[in-house]
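What follows is the residue order along each chain.
2 protein chains.
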Amino acid sequence: MSVVAAKGFVAGGMACGIKESGAPDLAIVATADGQTVAAAGTFTTNLCQAAPVQISRRHLNDGRAAAVVLNSGNANAATGEAGRVHALRMTKLTATGLGIRPNDVLVCSTGLIGIPMPFDSIEQGIPQLTQQLGGTEPHGAAAATAILTTDTVRKEAVASANLDGVSVTIGGMAKGAAMLSPAMATMLCVITTDAAVDQHVLQQALAAAVSDSFDCVDVDGARSTNDTVLILANGLAGNPTIVATIGDAYAHFVAALTEVCCSIAEQMARDAEGATKFARVTVQGARSKHDAKLAARGITKSQLVQCSLYGADPYWGRVISECGASGAYFDPEQVTITYQGIVNCRNGIAAEHDTKRLDELMQNSDIEILVDLGTGGHGTHTMLTTDLAPGYIDENMRTS
Amino acid sequence: MSVVAAKGFVAGGMACGIKESGAPDLAIVATADGQTVAAAGTFTTNLCQAAPVQISRRHLNDGRAAAVVLNSGNANAATGEAGRVHALRMTKLTATGLGIRPNDVLVCSTGLIGIPMPFDSIEQGIPQLTQQLGGTEPHGAAAATAILTTDTVRKEAVASANLDGVSVTIGGMAKGAAMLSPAMATMLCVITTDAAVDQHVLQQALAAAVSDSFDCVDVDGARSTNDTVLILANGLAGNPTIVATIGDAYAHFVAALTEVCCSIAEQMARDAEGATKFARVTVQGARSKHDAKLAARGITKSQLVQCSLYGADPYWGRVISECGASGAYFDPEQVTITYQGIVNCRNGIAAEHDTKRLDELMQNSDIEILVDLGTGGHGTHTMLTTDLAPGYIDENMRTS
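Chains as they are written, first to last, in my numbering: chain A, 1 to 400; chain B, 1001 to 1400.
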């Protein structure tokens, strides 16, 4: 149970024929009663925004929504005016099926860029799918399955929070296995909650959670045309509505929402295309949070660091070099670098260590790299990444 | 003939034992008469600068030099105070052997980061090598060979210019096959010329040439700790000394110097680690040169675009997406993209074209991608890159 874990939401997924493989490719998440609820979204910062992103932004103007329709197998990006007509048509078909207004339907697409949508399949599929929604675990799983592309596993997460004595639930589903980088990845994520949250506060809570989760993943530095994270909050849990970005209830809600987003972000990194290793890179001792982010992102965006991870090689020289190129300020001769808990660079030069033990630990599929920039500052930041393995090239060398 | 093509320069290379393979790893380029000449350099912008970079910067303070000593097989980077002592010692050994001052010797190293220098080999090697320098083609080739690391071929180039009726020669040698990106690559380059150029003008001429050549290569986005381009100008051609950055003679000199640098930059990209394709990416129709650079660099730094090149897939969707993420401003629905002379995206959407013919042309090892952002502006920029092939991972997954 994920996207239907919170009270009052239904979902469903099916294969409508967009994917030639016949795999599931169409999903809907909606409020069970068809009423609009508080909604918020964050979208790709890419100038080239897919048609569904353009339409969802417009439909979110009023901060309310009742449903989300999603397809995989085609990104409906770089498709011009025809793409916008198709995205809008998806909201209309969904609205008709559910008896709601098109303006209350959000739309997401993921898949290849620049290919016209095979719209007959969608035209047939949406009316069928709107009749098959439900609030049980199989319904949620069907929706989470239908949005996958090169993903090998479903991504789902649930968390709960106690808001002013009332327990609320937050559940989400997502897809994403490549084009993952800060400032949004090639990912779609739909989150539902039964918490009562003012729509403006909901937008700020979502932005805060995304900043501490999805923005901390960098697999290949690509910012796609379709990235979208949406949240619907129906208030059915009955907590006093959160109306400001201060106070315990807001803090607890953001913490639980961040927990869901972090879980999904980690699931995405762990399922990254071709990857054989998952790495958590923490930079501390930076002059500021900003510097820590620059350095951590510099390390995780490095193909060479990623190649070393694939080779299980604790080559700290590439890590310190990327820190130096990142724009963060520090004294290279104060830097300490730790792989798997073992210091192999101290004061910016090679440190004596148990190389045999470290080589063994580097065989693990989970790698921890800790870089202390040694400025005496308290700036710290953690990023998630993977190795760069031949499988990534295999997955991405041909689109057909 | 390259680094000794200009009158009055000698060079040499040898194997001194830094590389376990026994391959050549020590080179010297010097003025034939031991006199100092006008000298200039550009260095990595990485905050973590290798010891030889720190020493060469210091020795270039006076804008004069008489020799350059270079080693491959060890970068002498992230080696702390011991590294600086070693780099300085390399200049002293060279100066002693050539009967000149240490302050007039520049030093470069390339290889792995963070490994203490095997200095006994160098201590033995430099005195020998200083006795074996010469101005013939084999001497130049020996020097160019001794600076290679993962390079598979020597990189050399020569150009001539007519300055106020006097013919001058510019010759250079370089190494570099990975960590290639704008703002200097993991590369070393030494250029000599018999032109007479004031040392301050020489620095500006070099900066201009580097900006239009090495800064236009991006193979893997890495900015290394050791990048250095040096030029020595001895004035033996007898042209009236160029003393200002204006006038025909300056323009002709910069043009010839840029020709040498562009030739070497292209040789580096063509020899990039593991690469099977070489690509020239031009962005035009941008609002400004700055926007054209942002977009062109966005495309060439993309792992996904590079994977498509490896697969011979003209997937323009990734190209337009990278433009959109680059920070350049344009209307996505005005963009035209051409692969190998065939338009496959017009007005930001897929364009009808001869797919069979394009598939054939994509089999070539040289790929031309032209992106017109369609803003009506005249900003244009060309970058060189390669595909991302499994060989790159093979080369970089283990350092030992």
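Keep in mind that the hints were calculated from the coordinates and are not lab data. Note that the coordinates shown come from a computational prediction; the quantities given were computed from them, not determined experimentally. Each residue gets a CB set at the ideal place from its N, CA and C atoms; glycine is no exception. Treat the hints with care, as some may be off.
[Stated by the list, open to error] Every beta carbon over 12 Å from chain B, so not counted as near; a handful from chain A, in silico:
1) Gly114
2) Gly247
3) Ser288
4) Glu322
[Unchecked claim] Here are some chain A residues pointing at chain B (derived, C-beta under 8 Å):
5) Glu137
6) Pro138
7) Arg270
8) Tyr310
Hints versus structure:
1. Gly114: violated (4 Å)
2. Gly247: holds (37 Å)
3. Ser288: The claim stands: Ser288 of chain A keeps its Cβ more than 12 Å from every Cβ of chain B (closest is about 15 Å).
4. Glu322: violated (8 Å)
5. Glu137: violated (35 Å)
6. Pro138: violated (34 Å)
7. Arg270: Check failed: Cβ of Arg270 of chain A comes no nearer than 19 Å to chain B, outside 8 Å.
8. Tyr310: holds (5 Å)
The structure does not agree with the numbered hints 1, 4, 5, 6 and 7 stated previously, though it agrees with the rest.
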